[in-house]
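**Student:** Sequence:
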Amino acid sequence: MIEIPSDLHKDLVPLAFLLGNWAGAGVHDFPGAEKCNFGQEVTFTHDGRNFLEYSSHTWVLDGDGNKVRPLESEHGYWRIDADRKVEVTMVRDDGVVEVWYGEMADKKPQIDLVTDAVARTAASGPYTGGKRLYGYVKSDLMWVGEKQTPEVELRPYMSAHLKKVVTPEEVERWAKALPDDMPDDGIAFFK
Numbered sequence: 001m002i003e004i005p006s007d008l009h010k011d012l013v014p015l016a017f018l019l020g021n022w023a024g025a026g027v028h029d030f031p032g033a034e035k036c037n038f039g040q041e042v043t044f045t046h047d048g049r050n051f052l053e054y055s056s057h058t059w060v061l062d063g064d065g066n067k068v069r070p071l072e073s074e075h076g077y078w079r080i081d082a083d084r085k086v087e088v089t090m091v092r093d094d095g096v097v098e099v100w101y102g103e104m105a106d107k108k109p110q111i112d113l114v115t116d117a118v119a120r121t122a123a124s125g126p127y128t129g130g131k132r133l134y135g136y137v138k139s140d141l142m143w144v145g146e147k148q149t150p151e152v153e154l155r156p157y158m159s160a161h162l163k164k165v166v167t168p169e170e171v172e173r174w175a176k177a178l179p180d181d182m183p184d185d186g187i188a189f190f191k
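Mind the numbering: the sequence shown is residues 1 to 191 in the UniProt record's numbering, read in order.
The hints are simulated quantities; they were obtained by calculation from the structure and are not laboratory data.
Fair warning: this is a prediction, and the values are worked out from it, not measured in the lab.
Don't take every hint at face value.
[To be verified] Quick list of in silico lysine-lysine cross-link-like pairs, DSS-like style, CA-CA up to 25 Å:
#	residue 1	residue 2
1	K67	K85
2	K164	K108
3	K164	K176
4	K138	K107
5	K67	K35
6	K164	K131
7	K35	K85
8	K138	K108
9	K107	K131
10	K163	K138
11	K67	K176
12	K10	K67
13	K164	K107
14	K67	K164
15	K138	K35
16	K163	K176
17	K107	K163
18	K163	K131
19	K164	K10
20	K108	K67
21	K85	K107
22	K67	K163
23	K131	K85
24	K10	K108
25	K138	K164
26	K131	K108
27	K163	K35
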């Protein structure tokens with residue numbers, strides 16, 4: 001279910017499907033780096049202004065699904081204009097700052113992004129750009145990222161399947177919003 005907060009800036013309504021806390025797992029595979037499964041937590045929030053704030057943390061998982069060590073962290077800001085053009089500014093823990101541009105698909109919650117500008121610190125590794133695809137599929141958030149370096153052509157390197165994390169406060173709010181005439185046994189509701 002996509003919920004649109006009453007205090008969400010009107011320009012951000014098309015991006016409302018991103019809002020909230022997400023958690024899940026994915027695969028990391030790029031030449032010269034460790035191939036691994038990873039866990040991920042993503043948060044999209046807003047404060048009433050015309051952007052979403054984004055935060056992502058990933059960590060390497062062992063064969064049993066336990067956290068081993070951090071993998072990557074990103075933070076940024078997402079905007080969308082009246083023509084469904086999306087703009088993302090992002091900074092990563094490895095010393096890379098990016099500007100991404102793309103657009104939201106027509107009539108579905110899917111966003112294609114491509115890097116427009118990349119700045120790197122002296123400590124960052126080689127990186128020249130990337131592509132990302134985000135999609136809201138059956139109430140889940142899925143994404144795939146592509147990456148290129150001077151030595152490696154653009155290719156997929158990370159993808160994940162994330163589920164919405166529901167807080168106890170959200171459950172309480174939803175419960176309070178249920179109609180008063182709900183059947184007591186719960187079963188009759190489905191008949």
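**Student:** Would you mind marking each hint as holding or not holding in the structure?
**Tutor:** Hints and how they fare:
| no. | hint | result |
| --- | --- | --- |
| 1 | K67 - K85 | violated (36 Å) |
| 2 | K164 - K108 | holds (18 Å) |
| 3 | K164 - K176 | holds (20 Å) |
| 4 | K138 - K107 | holds (15 Å) |
| 5 | K67 - K35 | holds (15 Å) |
| 6 | K164 - K131 | holds (23 Å) |
| 7 | K35 - K85 | violated (33 Å) |
| 8 | K138 - K108 | holds (12 Å) |
| 9 | K107 - K131 | holds (21 Å) |
| 10 | K163 - K138 | holds (10 Å) |
| 11 | K67 - K176 | violated (36 Å) |
| 12 | K10 - K67 | violated (39 Å) |
| 13 | K164 - K107 | holds (22 Å) |
| 14 | K67 - K164 | holds (20 Å) |
| 15 | K138 - K35 | violated (28 Å) |
| 16 | K163 - K176 | holds (23 Å) |
| 17 | K107 - K163 | holds (22 Å) |
| 18 | K163 - K131 | holds (22 Å) |
| 19 | K164 - K10 | holds (23 Å) |
| 20 | K108 - K67 | violated (34 Å) |
| 21 | K85 - K107 | holds (14 Å) |
| 22 | K67 - K163 | holds (18 Å) |
| 23 | K131 - K85 | holds (15 Å) |
| 24 | K10 - K108 | holds (18 Å) |
| 25 | K138 - K164 | holds (11 Å) |
| 26 | K131 - K108 | holds (19 Å) |
| 27 | K163 - K35 | holds (23 Å) |
In terms of the numbered hints stated before, the structure departs from hints 1, 7, 11, 12, 15, 20, listed from lowest to highest.
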